[in-house]
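Asks: Below, each chain spelled out in residue letters.
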Amino acid sequence: MASSIPRTSRSSIPFYRDTRVIAVLVQVIFAVAVVAGCWVLYQNMIAGLTRANLLPTFSFLNVPASFPIAESVIPYDPSMTYSQAFVVGLLNTARVAIIGIVLATILGVILGIFRLSSNWLLSNVAMAYVEIVRNVPLLLQLIFWFYLTKMFPRVQESINLGDAVYLHNRGVTLAWPEPTASFSNWLWWVGGALLAAVAIYVVRQIQFRRRDRPGVAVPYAILGWIVIAGVGYVLTTAFSGMAPAVLVFPELQRFNFVGGATVTASFAALLIGLVIYTAVYIGEIVRSGILAVSKGQREAARALGLSQGQTLRLVIFPQALRIMIPPMTSQYLNLTKNSSLAVAIAYPDLFYIANTINNQTGQAVPVILMLMVSYLSASLFTSLLMNWYNRNIQLVER
Amino acid sequence: MRRSLVIPLAAALSLIIAACGGAPAAPTAAPEAPTTAPAPTAAPAAPAATTGRLETITARGTVICGVNNNPLPGFASVDASGVYSGFDVDFCKAVAAALFDDPSKVEYRPLSSQDRFTALQTGEIDVLIRNSTWTLGRDGDVGLDWSPTTFYDGQGMMVRKDSGITSIDDMDGATICVQTGTTTELNLADVFRAKGLTFQPVVFPDGDQTRSAYDAGQCDGFTTDKSGLVSSITLLSNPADHQILSDTMSKEPLGPSVLQGDPKWADAVNWITYATFQAEEYGITSANLAEFSASEVPEIRRFLGIEGELGKGVGLSNDFAARVIKHVGNYAEIYNRNLGPDTPFNLPRGLNALYTEGGLLYSPPFR
Numbered sequence: 004m005a006s007s008i009p010r011t012s013r014s015s016i017p018f019y020r021d022t023r024v025i026a027v028l029v030q031v032i033f034a035v036a037v038v039a040g041c042w043v044l045y046q047n048m049i050a051g052l053t054r055a056n057l058l059p060t061f062s063f064l065n066v067p068a069s070f071p072i073a074e075s076v077i078p079y080d081p082s083m084t085y086s087q088a089f090v091v092g093l094l095n096t097a098r099v100a101i102i103g104i105v106l107a108t109i110l111g112v113i114l115g116i117f118r119l120s121s122n123w124l125l126s127n128v129a130m131a132y133v134e135i136v137r138n139v140p141l142l143l144q145l146i147f148w149f150y151l152t153k154m155f156p157r158v159q160e161s162i163n164l165g166d167a168v169y170l171h172n173r174g175v176t177l178a179w180p181e182p183t184a185s186f187s188n189w190l191w192w193v194g195g196a197l198l199a200a201v202a203i204y205v206v207r208q209i210q211f212r213r214r215d216r217p218g219v220a221v222p223y224a225i226l227g228w229i230v231i232a233g234v235g236y237v238l239t240t241a242f243s244g245m246a247p248a249v250l251v252f253p254e255l256q257r258f259n260f261v262g263g264a265t266v267t268a269s270f271a272a273l274l275i276g277l278v279i280y281t282a283v284y285i286g287e288i289v290r291s292g293i294l295a296v297s298k299g300q301r302e303a304a305r306a307l308g309l310s311q312g313q314t315l316r317l318v319i320f321p322q323a324l325r326i327m328i329p330p331m332t333s334q335y336l337n338l339t340k341n342s343s344l345a346v347a348i349a350y351p352d353l354f355y356i357a358n359t360i361n362n363q364t365g366q367a368v369p370v371i372l373m374l375m376v377s378y379l380s381a382s383l384f385t386s387l388l389m390n391w392y393n394r395n396i397q398l399v400e401r
Numbered sequence: 004m005r006r007s008l009v010i011p012l013a014a015a016l017s018l019i020i021a022a023c024g025g026a027p028a029a030p031t032a033a034p035e036a037p038t039t040a041p042a043p044t045a046a047p048a049a050p051a052a053t054t055g056r057l058e059t060i061t062a063r064g065t066v067i068c069g070v071n072n073n074p075l076p077g078f079a080s081v082d083a084s085g086v087y088s089g090f091d092v093d094f095c096k097a098v099a100a101a102l103f104d105d106p107s108k109v110e111y112r113p114l115s116s117q118d119r120f121t122a123l124q125t126g127e128i129d130v131l132i133r134n135s136t137w138t139l140g141r142d143g144d145v146g147l148d149w150s151p152t153t154f155y156d157g158q159g160m161m162v163r164k165d166s167g168i169t170s171i172d173d174m175d176g177a178t179i180c181v182q183t184g185t186t187t188e189l190n191l192a193d194v195f196r197a198k199g200l201t202f203q204p205v206v207f208p209d210g211d212q213t214r215s216a217y218d219a220g221q222c223d224g225f226t227t228d229k230s231g232l233v234s235s236i237t238l239l240s241n242p243a244d245h246q247i248l249s250d251t252m253s254k255e256p257l258g259p260s261v262l263q264g265d266p267k268w269a270d271a272v273n274w275i276t277y278a279t280f281q282a283e284e285y286g287i288t289s290a291n292l293a294e295f296s297a298s299e300v301p302e303i304r305r306f307l308g309i310e311g312e313l314g315k316g317v318g319l320s321n322d323f324a325a326r327v328i329k330h331v332g333n334y335a336e337i338y339n340r341n342l343g344p345d346t347p348f349n350l351p352r353g354l355n356a357l358y359t360e361g362g363l364l365y366s367p368p369f370r
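First to last, the protein sequences are chains A and B.
Here the first sequence is numbered in my numbering, starting from 4 and rising by one per residue.
Here the second sequence is numbered in my numbering, starting from 4 and rising by one per residue.
Any given hint might turn out to be false.
As the list claims (entries may be wrong) - Selected chain B positions facing chain A (Cβ under 10 Å, derived; list incomplete):
1. S116
2. G140
3. K164
4. G167
5. S170
6. G176
7. V181
8. E188
9. A192
10. F195
11. V206
12. Q212
13. S215
14. Y277
15. N339
16. R340
Stated by the list, open to error - Where chain A lies over chain B, by a calculated footprint (3+ residues, C-beta under 8 Å):
17. 117-125
18. 142-151
19. 255-267
No lab work stands behind these hints, which were simulated from the structure alone.
Beta carbons: idealized from backbone N, C-alpha and C, even for Gly.
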């Protein structure tokens, strides 16, 4: 572009009236101002922190944290370091986010389909649900669910459902399978089954391609995995005379249940709150995605004699999916970031633990930095995954 | 065109970064300083010459005091018309009385246990008087300076009477409610680890939530400072069902704190606190202050600022102690008003008596 301008014009216009120079100059001045502003703020911060003897450092990370954490995916005790405590928080956030995303997607899809149902009751119940949940702040909902857990009886008077499930105001205690000595033998079967499942998937894909017919290979692979792992379970039991896992029933001791698995009230309230809230938005995305598929597609499918369910499953939904994925990604990110509200209901997520670390060490700047980097990488990772999936299902135009 | 812009921009940026990294202040940055950072704490070039906190407060006309955000009757609570009262609140008033001769010149900032030190670090508050424990970690790493302890406390445990728990040793496997960002959270873990007991913590960021979770039976025990337990028990739905175990799990010296690095302001808060101790030692109360003002005893005349220039040395008026006594009273008056025999708590003075009566309160001489 620059070469198209005649040479003579350059010499006749002074540089400060040359739009090309001005364009560059203005941007340089702006950049200088921004950097200088940041520099002044940074210097100010360092000066202030130095005065208070609070210079940022990461050395605290190797010091024992010495505070207890209510629940953890990995073993944790207060003698472990701050960095390990931080990882516990990270994993707790990941746990609620991953389970939450799966459940919210399932509930959201059902909700979206219900809203479009011709059944008056279904569509109106779904609409009422959407309107109520969408218009109440999430924090309020979380606190509501958490206070609801207090309505349950004390541990000693738990509601007993067939000796396997106990409901009480500290959470839900369930009978849970515990691995036995033969568990490691069975693991070989599980691993083998996984390889077999991959093989089944590949074979089916080749078959589909050869016959030039569309088809989904994943269900076959999953079925194969379940069958082989199941057979392995029976055989392991028969040969070693011991089942790889036994169901352990919880037993009430003096203060709490021992054995089984307990889902804490905090976790349950957070998960329920996040799922119910996010499902509403996912439901609306599903609804709009389905509505965006042109009416002609539906009519054509019906004309071919496909049933209502087949039309939805084979024609409408695959097309709607392409529209739904990008907005769905931002809902998944929202759910992950909203999980930081856990701090209000005593679930030790990343934000909560980082806050405690900050409070105990006084290292606000490094801790906030770590927190920001963690949430940012979690969000970027989710986006990456979803973008990859999005690219895979997009129509390839030829 | 677009591409051609990137290179000069990058060049300019790297130049600036290089310039700023160098020792002398970048000429481009210097003139921006006053406009981008108008806060009084700015002027990064000369940290030594900054305005002290005491001058800032005097210019502002009020002292900003961090107090408990949850009602802790006896220490800090707000009534329906927004009036703060309590032991900690009275020390906020004492600071205002000493500075402005008016105990109402206090702006209260309700703070949670997690936010309190950050509020002090960022300069949002001038002084923190929020039943906070003096520890080495907080004095050092967290960057606080502590004033003399106003309340010697220890961590206790509250349980239901029908639980059959008589000491902490009975609590193996129990679920315990505790507030985060506190020393009690750390002591709890330490004590149980030392005793080889297990426990399931339920940790809340908020004192009210901690108490109500315990009240609902979500926890077998509720731990905090004993004074906090005594205060909280009155807020439970059925106080008679609960008891405080006799075990004391830690030392909890509670007192005012200020941000490290401003010795002048720290001195002022220290000596305002000491004045309440010293007044009790002399027997000077808000009621008999007038009689003492006529005293001929030199040390009392000095203490009340009638002669000498004692206050000036710590940046206060010479009669600052008299102002504190006039408006808030001596330590015994503050204690009895909030926690004494005429209150629902009726806490014995214990360690919080003067050294002359077997307690730990001891003021260095005012001279």
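Asks: Hint B:R340 vs chain A: min CB-CB distance below 10 Å?
Replies: Where the cut-off is 10 Å and the nearest Cβ of chain A is about 31 Å from B:R340, the hint is violated.
Asks: Taking the closest Cβ pair, is B:G140 under 10 Å from chain A?
Replies: holds (7 Å)
Asks: Mind checking the CB of B:S215 against every CB in chain A and telling me if the closest is under 10 Å?
Replies: Because about 8 Å separates B:S215 from the closest Cβ in chain A, which is inside the 10 Å limit, the hint holds.
Asks: Next item in the hint list is B:V181. Is there a CB on chain A closer than 10 Å to its CB?
Replies: Since the shortest Cβ distance to chain A is 8 Å, the answer is holds.
Asks: Would the stated hint for B:Y277 survive a check requiring a Cβ distance to chain A of less than 10 Å?
Replies: Nearest chain A Cβ about 24 Å off; hint violated.
Asks: With a cut-off of 10 Å on the beta carbons, see whether B:K164 makes it to chain A.
Replies: violated (14 Å)
Asks: Quick one, is the B:G176 hint okay against chain A at 10 Å, beta carbons?
Replies: Holds. Min distance 5 Å.
Asks: Is the interface hint satisfied for B:F195? The criterion is a beta-carbon contact with chain A at less than 10 Å.
Replies: Nearest chain A Cβ about 8 Å off; hint holds.
Asks: So, as I understand it, the hint says B:Q212 touches chain A; can you test that by seeing if any CB pair is closer than 10 Å?
Replies: This hint holds: B:Q212 lies near chain A, its Cβ roughly 7 Å from the closest one there, short of 10 Å.
Asks: Against chain A, is B:S116 within 10 Å by beta-carbon distance?
Replies: Given a least distance of 7 Å, the restraint on B:S116 holds.
Asks: Would the hint on B:E188 be counted as holding, given a Cβ-Cβ threshold of 10 Å to chain A?
Replies: Since chain A brings a Cβ to about 5 Å from B:E188, closer than 10 Å, the hint holds.
Asks: Does B:A192 pass the interface hint, meaning its C-beta sits closer than 10 Å to a C-beta of chain A?
Replies: Where the cut-off is 10 Å and the nearest Cβ of chain A is about 4 Å from B:A192, the hint holds.
Consistency with the previously given hints fails for numbers 3, 5, 14, 15 and 16, ordered from lowest to highest.
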